Amino acid sequence: MRRLAVRPAPKRLIPMLVILVAVVAAFAAAPRVYSNQLLLFNTIVYLVLAQGLNIIYGFTGYLPFGYVGFFGAGAYGFSLAVLHWHTPPLAALALGTLVAIILALILTPLLRLSGAYFAVANLAASEAVLQIVSNPNLTDFTKGPYGISLEKIYNPTLSYGAAVVTLAFTLAIVVYLKSSRFGLALQAIREDPISAGMAGVNVVRGRVLAWLMSALVAGLIGGIFAWYVSVFYPETVFDLSVSIFAIVFALFGGTATLVGPILGVLILYGIYNVIGISTPAYFQLIYGLLIVLLILFLPNGIVSLIDRGTRRVP
Amino acid sequence: MTDELLAVEGLESGYGQLQVLWGVELHLHEGETVVLLGSNGAGKTTLLKTLLGLICAWHGSIRFKGEEITHLPTDARVRRGIVYMSEMGVFPDLSIEDNLDIGTQFLPRHEAKERITGLYEIFPDLGHRRREAAGSLSGGQRKMLGVAKALAAKPHLLVMDEPSAGLSPLFVKEVVQVLAGFHRAPDLSLLIAEQNVTFLEIADRVYTLDGGRIGFNGSVGEARENDAIRRAYFGLK
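Sequences listed follow chains L and B, in order.
Taking the numbering used here, the leading residue of the first sequence gets 1, the next gets one more, and so forth.
Taking the numbering used here, the leading residue of the second sequence gets 1, the next gets one more, and so forth.
In case anyone wonders, no lab produced these hints; they're calculated from the structure.
Possibly wrong hints are sitting among the right ones.
Per label pair, the in silico range of CB-to-CB distance [what the hints assert, rightly or not]:
no.: 1; chain 1: B; residue 1: Ser-39; chain 2: L; residue 2: Val-208; range: 38 to 46 angstroms
no.: 2; chain 1: L; residue 1: Leu-113; chain 2: B; residue 2: Glu-4; range: 37 to 45 angstroms
no.: 3; chain 1: B; residue 1: Gly-135; chain 2: L; residue 2: Lys-11; range: 35 to 43 angstroms
no.: 4; chain 1: L; residue 1: Lys-11; chain 2: B; residue 2: Ser-61; range: 45 to 53 angstroms
no.: 5; chain 1: B; residue 1: Glu-121; chain 2: L; residue 2: Pro-15; range: 45 to 53 angstroms
Below, simulated BS3-like cross-link-like pairs (lysine-lysine); rule was C-alpha separation at most 30 angstroms, straight line [unchecked claim]:
no.: 6; chain 1: B; residue 1: Lys-154; chain 2: L; residue 2: Lys-178
no.: 7; chain 1: B; residue 1: Lys-154; chain 2: B; residue 2: Lys-173
no.: 8; chain 1: L; residue 1: Lys-11; chain 2: L; residue 2: Lys-178
no.: 9; chain 1: B; residue 1: Lys-113; chain 2: B; residue 2: Lys-173
no.: 10; chain 1: L; residue 1: Lys-178; chain 2: B; residue 2: Lys-65
no.: 11; chain 1: B; residue 1: Lys-113; chain 2: B; residue 2: Lys-65
no.: 12; chain 1: L; residue 1: Lys-11; chain 2: B; residue 2: Lys-154
no.: 13; chain 1: B; residue 1: Lys-65; chain 2: B; residue 2: Lys-154
no.: 14; chain 1: B; residue 1: Lys-113; chain 2: B; residue 2: Lys-154
no.: 15; chain 1: B; residue 1: Lys-65; chain 2: L; residue 2: Lys-11
Since this is a predicted model, take the numbers as computed values, not measurements.
Every residue gets a Cβ at the ideal spot worked out from N, C-alpha and C, and that includes glycine.
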């Protein structure tokens, strides 16, 4: 009998690495040919957030509506380190990321919840963090509702570079999850935690690691956002719409894939910027229609158009 | 007599306040196939889940290859070679290949590859459709995938919870034939919890479980001669 070959791992890996390199190279080179660096930067921010959300939702099934809380924690961790301890930006980024991870660790008990309960509890936690940092009584430390100003370290070129590196790092995490046994174990948890446990998957460990990884990338890009814009209000970095955009982008493209959230961000954020700013009325209409059509006909995102049941979309 | 692989002594467990197992004693030797007969609600699934650590043991002990595993977590038991196959064991949204990969998660990569290639020879239908979602398989094929996924882990002890559930008699025969291929394999023992006596064809010994207590324990021949078993499971008077 002819032996059926088991697919070699590199065959799965190569298309994903090609996509990773292409996307990162495009964003690294784009400022040389396109002058609107802010738009490019915001696109990177959403690419990272959509992929970070992909890590926790796409691979384990937890949908965190308060995901922006990690972004805000990273932004404030970075900013306070710079303001109070005069930490250099790169070291401050590490501290900002650490703050986001600590917040994720504090919120780890939420992983006992599921579905809407988790989503709502997570949202409430994010709102609670916003209330703390914008509290006027803490103005001496957090600058309260008056926001943060970091003009001394303003450096859009370097912070843009840091964002590109973060994008590469985030995409590399997703590539790892798509091609590793750990990522497969996470998908088994998403499918059915009880069966995953029966198969020997350590469900608690898998969920917590995915949760921390998704917090890490959001905290990191939150810190870079603070560095890039240098002036912001608490509502800017804890804005619920940031979570909603990241969720919609990831779902639109297709979760548990590398390309899905990339396509989701490029298409929807592209539409947002082409028509959303100039003619918001049409934007709302087109955006709403797109989401309704997606839910009706492509509940697994636009990648399901190329998937055709093979489960092999990069 | 070969070495003892599994020794369950005085095992008690249940759910919340409800005690299901009462002092269960069960022994299984290397290379042996044991069928655990029991009607619905007898406690078969509870016993198997307790063996796997999916339910905590209240009292008693479980030893595997001489090692006390009563309080080990499930993943540690799977790493030691105890694999559970149940009705729910397949992930329908993952591909057939991914399901088997989950089965081989504790094997070295090169060994996992060989193992899966070997399983595609035993289950050619799965091999031909390996990139399709497991959910696209029929009930019987899914059962076969469940068996293949469990075997992929290269278990020393494969614990099966009603492998005939929901299958036509034809498929039950096919499952029995597949398992017969592994019967008396020196490195694999089977513990099959069933109501269907067809599985006695591949059994070395039989236990019965009734009301959470072990009733009969003996050879297949003795089981076929036992009046209570004949009445309860063979439909004979």
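Here's how the hints hold up against the structure:
no.: 1; hint: Ser-39(B) to Val-208(L): 38 to 46 angstroms; result: holds, 41 angstroms
no.: 2; hint: Leu-113(L) to Glu-4(B): 37 to 45 angstroms; result: holds, 43 angstroms
no.: 3; hint: Gly-135(B) to Lys-11(L): 35 to 43 angstroms; result: violated, 24 angstroms
no.: 4; hint: Lys-11(L) to Ser-61(B): 45 to 53 angstroms; result: holds, 47 angstroms
no.: 5; hint: Glu-121(B) to Pro-15(L): 45 to 53 angstroms; result: violated, 29 angstroms
no.: 6; hint: Lys-154(B) to Lys-178(L); result: holds, 24 angstroms
no.: 7; hint: Lys-154(B) to Lys-173(B); result: holds, 23 angstroms
no.: 8; hint: Lys-11(L) to Lys-178(L); result: holds, 12 angstroms
no.: 9; hint: Lys-113(B) to Lys-173(B); result: holds, 29 angstroms
no.: 10; hint: Lys-178(L) to Lys-65(B); result: violated, 36 angstroms
no.: 11; hint: Lys-113(B) to Lys-65(B); result: holds, 27 angstroms
no.: 12; hint: Lys-11(L) to Lys-154(B); result: holds, 25 angstroms
no.: 13; hint: Lys-65(B) to Lys-154(B); result: holds, 16 angstroms
no.: 14; hint: Lys-113(B) to Lys-154(B); result: holds, 12 angstroms
no.: 15; hint: Lys-65(B) to Lys-11(L); result: violated, 40 angstroms
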